[in-house]
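Trainee: Using the sequences plus the hints, can you model the full thing?
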Amino acid sequence: MTPRIIAANLGIRLRIFHRERSAMFFTFAFPVILVLVFGTIFTKPEHLNFDLPVQDLSGTALSAQLLEALAADQTFRIAPVPTDVDAVQYAKERKQNLVLVIPRHIDVPPSHRLDPRGDAGAVSLTYVYDPSSTSVTTKIQLLEMMVAAVNQKITGIPAHFKLVPVSILPERYRFIEFFVPGIIAMAIMTSCLSNALNMNAELRQKGILRKLATTPITRADWLVSSILYQLILSAVSTAAILLVSYTVFDVRLHLDAWLPLIVVVEVIAFAGIGMLLTPFAKEAESASAVGNAFLFPMMFLSGTFFPVEMMPTFLQTFAKLLPLYYVNEALRAAMIFADNPATLRSAGVTAAFAAVVFAAGTFKTRWDAET
Amino acid sequence: MPNAEHAIVVDRLCKRYGSLLAVDDISFTVERGEVFAFLGPNGAGKSVTVEVIETIRTPTSGKVTVLELDVGKRKAEIVRRIGVLPQNFSSFDRITVRETLRYYARVFGCKADIDALMDLTNLSDKADAQFNTLSGGLKQRLGIAVALVNDPEVLFLDEPTTGLDPHARRQVWDVIKGLKHRGKTVFLTTHYMEEVEVLADTVAIISRGKIIAIDSPARLTSNHAAQARLTLESMDAAALGLLQKMGFTPARTDDGNICVPVGSADDVRGILEEIQRAGLAVPGLDVRKPNLEEVFLKLTGAPHDDHARGGTG
Numbered sequence: 148m149t150p151r152i153i154a155a156n157l158g159i160r161l162r163i164f165h166r167e168r169s170a171m172f173f174t175f176a177f178p179v180i181l182v183l184v185f186g187t188i189f190t191k192p193e194h195l196n197f198d199l200p201v202q203d204l205s206g207t208a209l210s211a212q213l214l215e216a217l218a219a220d221q222t223f224r225i226a227p228v229p230t231d232v233d234a235v236q237y238a239k240e241r242k243q244n245l246v247l248v249i250p251r252h253i254d255v256p257p258s259h260r261l262d263p264r265g266d267a268g269a270v271s272l273t274y275v276y277d278p279s280s281t282s283v284t285t286k287i288q289l290l291e292m293m294v295a296a297v298n299q300k301i302t303g304i305p306a307h308f309k310l311v312p313v314s315i316l317p318e319r320y321r322f323i324e325f326f327v328p329g330i331i332a333m334a335i336m337t338s339c340l341s342n343a344l345n346m347n348a349e350l351r352q353k354g355i356l357r358k359l360a361t362t363p364i365t366r367a368d369w370l371v372s373s374i375l376y377q378l379i380l381s382a383v384s385t386a387a388i389l390l391v392s393y394t395v396f397d398v399r400l401h402l403d404a405w406l407p408l409i410v411v412v413e414v415i416a417f418a419g420i421g422m423l424l425t426p427f428a429k430e431a432e433s434a435s436a437v438g439n440a441f442l443f444p445m446m447f448l449s450g451t452f453f454p455v456e457m458m459p460t461f462l463q464t465f466a467k468l469l470p471l472y473y474v475n476e477a478l479r480a481a482m483i484f485a486d487n488p489a490t491l492r493s494a495g496v497t498a499a500f501a502a503v504v505f506a507a508g509t510f511k512t513r514w515d516a517e518t
Numbered sequence: 003m004p005n006a007e008h009a010i011v012v013d014r015l016c017k018r019y020g021s022l023l024a025v026d027d028i029s030f031t032v033e034r035g036e037v038f039a040f041l042g043p044n045g046a047g048k049s050v051t052v053e054v055i056e057t058i059r060t061p062t063s064g065k066v067t068v069l070e071l072d073v074g075k076r077k078a079e080i081v082r083r084i085g086v087l088p089q090n091f092s093s094f095d096r097i098t099v100r101e102t103l104r105y106y107a108r109v110f111g112c113k114a115d116i117d118a119l120m121d122l123t124n125l126s127d128k129a130d131a132q133f134n135t136l137s138g139g140l141k142q143r144l145g146i147a148v149a150l151v152n153d154p155e156v157l158f159l160d161e162p163t164t165g166l167d168p169h170a171r172r173q174v175w176d177v178i179k180g181l182k183h184r185g186k187t188v189f190l191t192t193h194y195m196e197e198v199e200v201l202a203d204t205v206a207i208i209s210r211g212k213i214i215a216i217d218s219p220a221r222l223t224s225n226h227a228a229q230a231r232l233t234l235e236s237m238d239a240a241a242l243g244l245l246q247k248m249g250f251t252p253a254r255t256d257d258g259n260i261c262v263p264v265g266s267a268d269d270v271r272g273i274l275e276e277i278q279r280a281g282l283a284v285p286g287l288d289v290r291k292p293n294l295e296e297v298f299l300k301l302t303g304a305p306h307d308d309h310a311r312g313g314t315g
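One line per chain: the protein sequences are A and B, in this order.
Numbering (our numbering) for the first sequence: 148 to 518.
Numbering (our numbering) for the second sequence: 3 to 315.
Certain hints may be false.
[As the list claims (entries may be wrong)] The calculated DSBU-like cross-link candidates involving lysine-lysine, where the alpha carbons are at most 35 Å apart (straight line), are:
no.: 1; chain 1: A; residue 1: K511; chain 2: B; residue 2: K212
no.: 2; chain 1: A; residue 1: K353; chain 2: B; residue 2: K128
no.: 3; chain 1: A; residue 1: K467; chain 2: A; residue 2: K429
no.: 4; chain 1: B; residue 1: K291; chain 2: B; residue 2: K182
no.: 5; chain 1: B; residue 1: K212; chain 2: A; residue 2: K429
no.: 6; chain 1: A; residue 1: K353; chain 2: B; residue 2: K75
no.: 7; chain 1: A; residue 1: K511; chain 2: B; residue 2: K141
no.: 8; chain 1: A; residue 1: K309; chain 2: A; residue 2: K286
Hints listed in this document are in silico derivations from the structure and should not be mistaken for laboratory results.
Here the structure is a predicted model, which means the values were calculated and not measured.
Mentor: Here it is, written out as structure tokens:
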């Protein structure tokens, strides 16, 4: 291994990268954009607010009290619906997924309300809803909670139970804190795999390798410079993701020695996979196809965008066979939970995997004209 | 045994791919300072042989030495002293001519005079052009410049002018002639017989994995080619009879000319004098020397199929 040669290779690859706009975009800008988009969509569930059209057919002081209570914590923006329209028709025409209807007679005598037969004497508030809408379930749940609170207030009976939250996390934990480690891992995986595949396709398809193999560059020189190149890109992309996450979303993450360590292990793991996939990607076109066939399932099943626990059990089992799962687990254990034993476990699995695939990849990679 | 006069010694080289014997027990030597042309139809084992000598393929059996160093054991030393222009030379797309040369110079750890190399290969005004913007001829010339970066003792040029226009081809020939004058050994693989006739001191022909001829281009031609041919244009039947009477074996060609094999310049003079004496007019004539192309086609037989292994022509 010759440092001079490694430096020359590193220089040329960074120069190519710098001049390749699309590579620049996918390595740096793309993950940052994902953080911005997903962070903006999901970050602040405490400030959820929804439109709620209400058709108040009664127009009494009680209905006004009810509406005031519903609007109080700003979860719902109440919009009045004219009393002379059909609520179902209104919901359809205005594309509203939830419309509340307060009936004409809501002032029921207290004696009726205390009917021992449960809620048989209760006043029915009808909600018209669109079951095909994804957000409507959340809205209905919120509405039910608020109606229950209003009920309790009207009846005047103090609550017997109340819920007190205790977080297992030292800090507040939002979606963005979950998301950032996942994006860091995904960005590194994508850049390692696609760079390894594209560069190898270029070397073999265009025949550059036939030239390089007749120079003093050895296979070890080439592999070491590739790893260093990937580490530099990974460091820059991780820094870019963290910078945006901290400045835009004010994330709270633990940044310690685990992060660079996990990054190094991940780079080696995916560089190894890249080498093993090379025989299936001899041309630039098939390289990106092979890369994507591998990247997408990995991305969606390894808990990059949502927790693995949300998936059915058999998919969870499958996820545990994917290397990216362990990278995600390790990064989250380190950056969110500051849980050293858990980090060590997942990082250890990743490292063992990296050692195996890198050794196999090195063994399979030929540095000559034999195919 | 290799000695200091030999740049390359190939001794009983075999290279097998499964059931295909791509190179079948070949031996030859290349002297220092000569231009050695290596010819063969596609799939004859040409590229495989070259790549074994260049240290990038492993021989199945046999011994190959370059500059008295065994290709199997001394690769690291050999590659520093040879320069290789692979077939269809290619380099990194986004990297300029100057950067490419600088990169290879760094890889070899040598202080190459980049400007002089660009001058030699007529690339100076393209110094800052990226590789993917270069024409085929410019890419080949960059390939040659790259092959010279480490001031090699032996230069391998694998089809250096394939795909070039006649003008660009002659520029490459001039570069190769210049290298020969500087005492470099050049191992040239080509499909162009004219290139061999212009440049080569020795020519070896490989066919179906075996060397079938090796000699100077002139001797190969005189030993293997048919006689020179005199073509007389638009002659009538009288001339045909006259030539037969003189003891030649003339033949009518499809386009109505008379073609007659001749042994020497005296034969040609004799024929022309007899025709003049008979009062026949000669509207046009053409004397064609036997050439290497005929020798090549004769020795390698009908153009045979490419073997299954692509790119091993």
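Trainee: Next, verify each hint and record whether it holds.
Mentor: Here's how the hints hold up against the structure:
1. K511(A) - K212(B): With a Cα-Cα distance of about 32 Å, the restraint between K511(A) and K212(B) holds, given a limit of 35 Å.
2. K353(A) - K128(B): 21 Å, holds
3. K467(A) - K429(A): 30 Å, holds
4. K291(B) - K182(B): 27 Å, holds
5. K212(B) - K429(A): Between K212(B) and K429(A) the Cα gap is close to 31 Å, so the pair holds against 35 Å.
6. K353(A) - K75(B): 28 Å, holds
7. K511(A) - K141(B): 31 Å, holds
8. K309(A) - K286(A): Satisfied, since the Cα-Cα distance of roughly 21 Å is no more than 35 Å.
Every hint from the earlier list agrees with this structure, and none is contradicted.
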